[in-house]
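Undergrad: Okay, here's what each chain looks like letter by letter:
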Amino acid sequence: MNTRRTGAVVALAALLFTSACGGAEGAADNADGTTKVSVTTFGCEIWNTWAIGKGVYSKHRLDVELVRSGGGSAAVAAVLSGAADFGYVNGYTAINAYNTGFPIQMVSGVNVNALPPAKPAQGVFVGKDSPIKAAADLAGKKIAVNEINGINQIVTASWLKANGVEPDSVSFVALPFTEQIPAVLSGRVDAAQLGYSLLGNNNDNVRSLADPFASNDKIYIATYVAAKSFVGKGDAAKRFHEAITETAQQLNDPANKDEAFKLLSECQKVPAETLAAQPQNALEAAVDVAALDRMAQQMVDLKMLQKKPDLGPFVTDFARS
Amino acid sequence: MASDVHVIDQVEADARPTGGPVAARRWGPTPDWVLGVAGVVTMFVLWDLVVRAGAVSVDSLPYPADTLQRAGELLVDATFLTEVVQTLWAWLLAMLVASAVGIPLGLLLGYFSALYRPSSSVVHAGRSIPSSAFLPIAILMFGLGTQMKVSLAIYAIFWPILLNSMYGVRDTEPLMLATGRSMGWTRTRLLTRVVLPSAAPAIATGLRVASSTALIVVLSAELLGATNGVGTVITTYQQAQRPDFVYAGILLVGLLGMGLYYGFNLVERLVVPWGQAQREGGR
Amino acid sequence: MSGQALSRPIATSALAVGRGVRSLWLLALLLVVWEVAARMVGSLFVPPVSQIFGAFVDTWLSASPSSLFLSSQFRADVLPSLVRLGLGYGAATVLGVGLGILIGVWRPAGAFFNPLIRLGMSVPVTALLPIAIVLFGITSGMNVFLIALGCLWPILINTYDGVRGIDRTVVTAARSLRLTRRRYFLRVLLPGASPAIFAGMRISIGIALVLMVISELYAATAGLGFYIVSQQRLFQFPQLWSAIVLLALLGILFNAIFALVERVLLRWHRNVRPDSAESH
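Residue numbers (the numbering used here), protein chains in the order written: chain A, 50 to 370; chain B, 194 to 476; chain C, 891 to 1170.
Just chain A, same shape as in the assembly (with noise of 0.2 Å):
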């Protein structure tokens, strides 16, 4: 049906591919030893305000650019298309792609969930007098995520699935994280799942049912990939996980809390005390294939992969824990 469409956009993704990604090929090695990598964000992550502050990637000879990207699915894009060397995506989003076909491999771990007993870092909220009170209570009710089929939703309905409700009775909306809390307390959806640190000051007027990612196994929240021919080619994909684990190690170190939290104020314009009081998802630069695993098993579960893929060959092996 849609053939001149092709003609369009296949000459025309060949035509601007060529002018404008074709420089990001591969890594270039500076004249000072350093290779130039680009790396893909989706605003202020805390160790790359932290390794670009305090110099970690350029200890293992890297030269860090930031490029923003949309969403998972598209740093996945930028990976391929070699826009971006490392995509920074979530575990499923990962697997997903994996799954897919695509040429890549994950070469660490950033963000784990954190588990009890640590504060939870998620929530699925509610307005504060809601009648909702338990996850029994979300049975054919609207709950908005930030993507659909992401990982919002899919721990979310594995969250269900354990208390007993059927994930295809919820219906799941996707929202912007700052429309979601005006929407539950204007009541055009009842529940939404994100972060307490995406709560902004809107604390007091809604409580969580749970932490669906507490109730959880370890997730991998976020991970990076990037593409197999780039992962071939040199050591640059060890030396950005050695850089990840640094600087995971060194933020797990009490002593450089407050720093950290200053870094990250810097970037994101709020109070340091701020970042501080929220509660924070783990950090872990290794990567569990048992884990990873089971997250795959999940999404089989809620029919979103057809059958679980063989995950051996997709983690580096410098990257295994």
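The set of hints was computed from the structure by calculation and includes no laboratory data.
Certain hints may be false.
To be verified - Some chain A residues close to chain B (C-beta under 7 Å, calculated; not the full set): (1) A123; (2) A126; (3) K182; (4) T227.
The structure displayed is predicted, hence computed values, not measured ones.
The beta carbon of each residue, even a glycine, is placed where N, CA and C say it ideally should be.
Knowing the structure of chain A, use the given hints to seat chains B and C on it.
TA: Same frame as chain A, now just chains B and C:
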């Protein structure tokens, strides 16, 4: 309307050149521009009353006076103006690429009748797909920058430009072509002297339609997820829950579209003055 | 049955096939080029046509005649979209034609509303998405509202142009015949303006499809646009493209219906074009 005769008079009056003085001479009623201004003022007053009456919360619909003030602030805001330039740049790129490909291709396909029918079925298939359907895939392929906006806009406007160029050539008077041929004109001469001038009004219509469409597509892409352009300013204010700025932005974007529309009409009138008839009908 | 009677339908269908081949060979050729190019390049974003059509059959069609050969996915995502499209488009047509005639006939109203209409046309309806959510919540009403608003302007402005563009001699003749208001409306105004009204309605059906998809990309729980985004998140590109093919088929279908209706209703009109050149 008071009676049929009155109605008919009104319609008849429209056939005359429009404008204040003519209307004033006949009936002595208010000139058009006064009514137009009255319309705009009425809208603002109604808007104000709706908010004042509390029919809609100020959080979702601000007062018109505030909105106008914010619009004024945005107009002198350097960041806002930079984003406007980004939007216009994407618009211009899309227009240039789509016309550079669409017009010559359209002339070619329209000129050779063996190609006309098969290519129209391709065109109709292609233009039946709303460009918005490609947004998710365009974001994957082109990221969130100018390329993505431009490629979507090119897709949306390629078809009207192509189709109008094809029609323009097809509608060339056969008599004029025959006359040209009988005078022993070469193919090039026929093309430049007969085909092009007669196709020009249709091409201009295509470009005018394309110019509005391209702007709307670029803005929509910005509103739905791009990293630059005036649409992103609106979403930023939306997320910051500043409806006064949001409405001010929407108002200015509307004025930008109007400006492009009237600008295009003017250029069209100057460049293709013989295309008066074609100018009717389209939007 | 005589041989002649038999050969005639055969000849007719042969002619039709010939016509089909003549007008569709380029489309077929381009599909083949797509197939070959996609296989050679191996792009994951643009799968080969054969895969897309495979996904199309799997996703949207079923073997059960009781469901009109449409799959449950079709009922879940396409039907809600079509209902929204129909309601929004219907509302826009009623409002647009009504208001367009009013302001076309009554000159001061035309002058009064003209700048507002031009402004309304120029505002991208997408910008009103958040406002529509505030007004209508996360319901189909939101989608219907956006579709109706986007479709309103072309129908309105074309009706207005159509009414104002009625041939002067016809108007003078009508006046000399001293037609009643009702007769003037039914015999002169409506027929005179109908080609332009149809042109506006045809432009609007394209806009309706665009807005149907856009309004479902965000804050929807079902629909074709919703399906497209969810498949994008799952990297299911053949399925995503199958939805785009479905949209193309819908577009072609709507255009064909329009061409037919126009041909029947506007037979008398000298320059009805088989297709208009405006779409989003």
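Undergrad: If you test the structure against every hint from before, which numbers come out violated?
TA: 3
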